[in-house]
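**Student:** The primary structure of each chain is shown beneath.
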Amino acid sequence: DVKVTQSSRYLVKRTGEKVFLECVQDMDHENMFWYRQDPGLGLRLIYFSYDVKMKEKGDIPEGYSVSREKKERFSLILESASTNQTSMYLCASSLLAGVPYEQYFGPGTRLTVT
Amino acid sequence: SQQGEEDPQALSIQEGENATMNCSYKTSINNLQWYRQNSGRGLVHLILIRSNEREKHSGRLRVTLDTSKKSSSLLITASRAADTASYFCATDLSDSGGSNYKLTFGKGTLLTVNP
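Residue numbers (our numbering), protein chains in the order written: chain G, 1 to 114; chain W, 1001 to 1115.
Same shape as in the complex, but just chain W (with noise of 0.2 Å):
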């Protein structure tokens, strides 16, 4: 079952603008996590954001959370042409039974960044 549903699909901005990718999902979650995928590569970590907080930084990342409407953004400043991937959400239920190591990815938003 999908859990996060990632929006837009697909982005394409140029080198330089920010990028926003927002995600909602279903039911209570203990934390939400945004991985990034490179053309046909495994995933990798960018930021893990707890449900107790609502704003988190990494560099150029800045994750947002609203328990309350079920959605997170995840905004890259100043965005590069090496930030052209897949980006996923992905969340671990808070009644998952036990299994709360398990995470439900999105389906992933393309973002392209052009030279």
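Just chain G, same shape as in the assembly (with noise of 0.2 Å):
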């Protein structure tokens, strides 16, 4: 089975905090996503990567950064924390890039900031 594991189920983070955010796939997937997760907003994407150090941004990338420095390993940014990105954030990955394959995530990181 396919396992995405995001570091922590649960943070809470104060205001101008730098904040890391860690997911783990153990497939050999070379797709990896990182979403947050609102109500009434649905899933958005914030950073994919294709391979590693390759990223691109997704739809709401503004306040965040990613790193991919292994293949296993795509790490999830807040440079400074506000309270706007109190959120749910889902880690995903999959198989080839350039392949529609269906994506795996990770239990997902509750975030609050306060």
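Any given hint could be a false lead.
[Stated by the list, open to error] Below 25 Å or equal to it, Euclidean Cα-Cα: the simulated PhoX-like pairs (lysine-lysine) are:
hint	chain 1	residue 1	chain 2	residue 2
1	W	Lys1107	G	Lys57
2	G	Lys57	W	Lys1069
3	G	Lys18	G	Lys70
4	G	Lys70	G	Lys3
[Unchecked claim] Coverage of chain W stretches by chain G, computed from C-beta distances (three or more under 8 Å per stretch; other residues unrestricted):
hint	stretch
5	1038-1048
6	1106-1112
Simulated from the structure, these hints should not be mistaken for laboratory data. Each residue gets a CB set at the ideal place from its N, CA and C atoms; glycine is no exception.
Assembling the complex is the task here: the two chains are given apart, and the hints tell you how they should meet.
**Tutor:** What follows is the structure in structure tokens.
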């Protein structure tokens, strides 16, 4: 079974803090994704990566950056957390670049910024 | 930009009944996928239907795709309380400039199956 794990289920941070959300997949998938999910807005793509050290902006990249130094790990970074970044963050991976395979999701991290 | 839109937003049925959810989208797609999300958890892939397919089955799930109407439906037969979840459709665009592994998700249908 594909496993996508996220470093924390719940996280509480203060405004202005630098926040790291980590995601690891164990199936050698090339693509990895970060989404945020908010009530009434559905899932929105923040960033994705189709290879090590490669990244592309999604629909809402402002206020976020990402890092992919190893194939299995994709990190989402909030440089200076703000209250409007309080949300559920979901990481996903899929098999091959350029092929619309299904995505496998982690359990999510519910981030609260106070 | 929102590509897929599910309808209805919420659906409540009794155990044993069938549940039908619809998804409409705006532009041409390569394929359409359905996902389920249990409360507070990650999404789980249910089924993928390609643009040249009209119907697909998987266990109690039946998905149809009508590309002329730009719509899809997900039917869950003989529903169970464990089917209570949010259901999302997701599309990848056929004209996405090579980034066709990106999916665009709808806002979901919340299905409640009462025992």
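**Student:** It remains to establish, for every hint, whether it holds in the given structure.
**Tutor:** Tested hints:
1. W:Lys1107 with G:Lys57: holds, 21 Å
2. G:Lys57 with W:Lys1069: Violated, at roughly 31 Å.
3. G:Lys18 with G:Lys70: holds, 21 Å
4. G:Lys70 with G:Lys3: holds, 16 Å
5. 1038-1048: The restraint on the stretch 1038-1048 of chain W holds, since 7 of its residues have a Cβ under 8 Å from chain G and three suffice.
6. 1106-1112: holds (count 3)
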